[in-house]
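Enquirer: Same order as they appear, the protein sequences are chains A and B. Position in the first sequence counted from 1, then plus 13, gives you our numbering. Position in the second sequence counted from 1, then plus 104, gives you our numbering.
Worth flagging that the hints you see were computed from the coordinates, not collected in a lab. One or more of the hints may lead you astray.
Below, a list of computed lysine-lysine pairs in the DSS-like style, where the Cα atoms sit at most 25 Å apart [stated by the list, open to error]:
1) LYS287(A) with LYS153(A)
2) LYS287(A) with LYS243(A)
3) LYS362(B) with LYS337(B)
4) LYS362(B) with LYS348(B)
5) LYS539(B) with LYS323(B)
6) LYS153(A) with LYS243(A)
7) LYS287(A) with LYS323(B)
8) LYS106(B) with LYS153(A)
9) LYS348(B) with LYS337(B)
10) LYS159(B) with LYS106(B)
11) LYS117(A) with LYS104(A)
12) LYS153(A) with LYS159(B)
13) LYS243(A) with LYS159(B)
14) LYS276(A) with LYS243(A)
15) LYS159(B) with LYS323(B)
16) LYS539(B) with LYS159(B)
17) LYS251(A) with LYS323(B)
18) LYS153(A) with LYS323(B)
Counterexamples of contact, computed for chain B against chain A with all Cβ distances above 12 Å [what the hints assert, rightly or not]:
19) ARG121
20) SER125
21) GLN142
22) TYR144
23) GLY204
24) ALA290
25) ARG366
26) ILE454
Don't be surprised by glycine CBs; every beta carbon is placed ideally from N, CA and C.
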Amino acid sequence: MTTSLSERYESVDHLQKELAQKKYLSDRNTAVALYLALKLSRPLLVEGPAGVGKTDLARALADSAGTEMIRLQCYEGLDESRALYEWNYHKQILYIQTTGVDWKQAQGEIFSEEFLLPRPLLRALTAPRPVVLLVDELDKSDEAFESYLLEFLSDYQVSIPELGTIRARFVPAVILTSNNTREFGDALRRRCIHAYIDFPDAEREARIISMHLPGISRQLPREAASFLVKLRTSRLRKPPGISEAVDWVRALYGMGIETVLAKEVDETLPVLLKHRQDVISARGELERFRREAHRL
Amino acid sequence: MKALLELANLMRRVGLRVSASEIADCLRALSLPGITPQDYQAVIACTMAKDRLDKTTFAMLLDTLPLEESSDQKACLSDGRGLGKSGVGPASPGLLDALGHADGSRLVALARSAVFSLGVIRAEELLDLQELVRRAMVNLGWYPVLRQMERRDDPEARAKLAALNVLQATVVREVYREVIRQWGEAGASAVVLQTDPRHVRFSLLEREEARLIDNQVRKLASKIASRYGRHDKPSPFGRVDLAKTVRDSVRTRGWVVKLGYRRKQKTLPRLAMLVDVSGSVRPYSKFFLTLLQAVKRRAAGARCFVFIDDIAEITGEMDPMCDGEIILSEDILSRISITNNSDYGRVFYIFAERYLESLSPRTVLVIVGDGRNNGRPPETYQLKRIADRVDRVIWFTPLTSDRWLTEDCVLPLYAAYCSSIHTCGSYEELRAAVKQLQ
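Turn these sequences into a full structure, and let the hints guide you.
Expert: What follows is the structure, given as structure tokens:
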């Protein structure tokens, strides 16, 4: 069993640079955690508020490693038939009907890999090369599913009663994300390397925005980022995420607005915030931001 | 390695969970190529502290722990007068000057000097570390400088105010460091108990801490909502239900054609919460409302009532999909408050009159309040009426049991009709209470 994804990165700096080339500016702590997860072949549990780039981290890693990202989106009621494998019942019935084999023979044949529908976890284990497996929003799944994942996460293998134990051909890089809506068990945490991604500081956010909008002046991302840092400290139903911030500045840029202090910016706030009450609060915050800027 | 084990032991003693495999992971990680010494703290954090709040406590411990004392620290430790090798004298005269030069190392030296002038810290002083911090700040002459800068409104004053904030944080860190240095594990426990938001009383949480705890409380909700009850119900399989079988056989002239079955089936609890939102309990009840809102997301049948000296149902006004804090409208507050003082007796009477019929024997009634009745009649009979109707009455109070008989608290009178009473003044206490319910 080889773990070529881990061999790809020589140091934390190297990993950080590679991610940056794929337009993902990680902070040092996140890069350290990801580096350790790859080197120690441990899953990386990434927690943080919505919109800070948890899912994007997996995408950037897969892009930088030039490999496939397999995504398992979790939800309440998710079970192994959706996450791991399912027997292709229709195909099995068709096989029995068309071949006319007796039951004893059919039993041996219909429970083989040919009749197996691999779901994301099994696809990650049987992939012909190392892949990045993203188990997104794990906190939305039930506790039973979390327990079910333990064997997979610790040994990179799963047990299928009819086929036996299937081990990973190449250890996948596993990234689990969570929005902190549910407490995970100690067993899961113990198996993972942990990273908490918070909203970036103004400087990093300005760099992220500039990176996504080449050609933009330096002033607009800087102003937008300082405003966003202030805005997120106010009481909002849903604080704006990084992608919303990029969209917002893109909208300002597209409209030819060069400063956040411009009056027309008020009209663009719905791009940033998705609740009416939040937009109203943000208008007040923007007004305060303008006054402070004028005072300075 | 010794220092790491020492840290792990200390983390365990203050309540953080660190397993042997995590320590092994950490040791492996530290020896990996590509990891530089400036990454060590991040490496230890991501392998040994796997919760956001654990990370905060861990960072504080790592920051204050005298695992390997640097030479300048030893200098300051010399005799407790701040006159060691660092050569720092009394703080206050030099404070303004140091702030003016924004000299970081000088500010740190001043902070240390002020902390060491506290001398030997006594056991009873461990109970209130904020008082130690306040005394250190007084020794430093921090408050007069703060007032002076607040009166001015120029860029220099603003810069000095920012430096004062940094200095305050340094003093706090140095006080904690000194407490741990003098008292070892007991000191570390005292520091964690008074700084980890999970242990801090709800009423004392800072805004950012309250936000973190709010999130933790939401997580607790999933535990409550997924606590299924088990009830005997007709089922296509299970144990034979003789009564149903006989009843059904009447249709076929006494011939048993089909057996009836029953089995225990999972049902979500029916939860009703009665929350005191008067001034004295508001900092606590806020978190219980958050809890109920999150429970409602999973168990639609949950109902919520708020009261002061009258009562109102706010079930319909709680948006289960909203993650924000529940803000009680002025309209609701005016409906539930005549005198603005809690009146449990009256509230129980009104609750029984208005809502008793809508409760079922499967309902679990949770009352949140401190039981301070402001000298009004407790009307225990009304609570008995309610308790007889529901499955259980569980009472959450912010008061510790030694205060139940003090002042105007009538909680002991109600205790006879409650299945259990839990003290929930902090997140940890609330978590323990929820765990007991399971």
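Enquirer: None of the hints should be skipped; say for each whether it holds.
Expert: How the hints compare with the structure:
no., hint, verdict
1, LYS287(A) with LYS153(A), "holds (21 Å)"
2, LYS287(A) with LYS243(A), "holds (18 Å)"
3, LYS362(B) with LYS337(B), "holds (17 Å)"
4, LYS362(B) with LYS348(B), "holds (10 Å)"
5, LYS539(B) with LYS323(B), "holds (13 Å)"
6, LYS153(A) with LYS243(A), "violated (30 Å)"
7, LYS287(A) with LYS323(B), "holds (24 Å)"
8, LYS106(B) with LYS153(A), "violated (40 Å)"
9, LYS348(B) with LYS337(B), "holds (11 Å)"
10, LYS159(B) with LYS106(B), "holds (21 Å)"
11, LYS117(A) with LYS104(A), "holds (18 Å)"
12, LYS153(A) with LYS159(B), "holds (23 Å)"
13, LYS243(A) with LYS159(B), "holds (24 Å)"
14, LYS276(A) with LYS243(A), "holds (18 Å)"
15, LYS159(B) with LYS323(B), "holds (18 Å)"
16, LYS539(B) with LYS159(B), "holds (23 Å)"
17, LYS251(A) with LYS323(B), "holds (18 Å)"
18, LYS153(A) with LYS323(B), "holds (11 Å)"
19, ARG121, "violated (6 Å)"
20, SER125, "violated (6 Å)"
21, GLN142, "violated (8 Å)"
22, TYR144, "violated (10 Å)"
23, GLY204, "holds (21 Å)"
24, ALA290, "holds (26 Å)"
25, ARG366, "holds (25 Å)"
26, ILE454, "holds (32 Å)"
Comparing the model with each earlier hint shows violations of hints 6, 8, 19, 20, 21 and 22; every other hint is respected.
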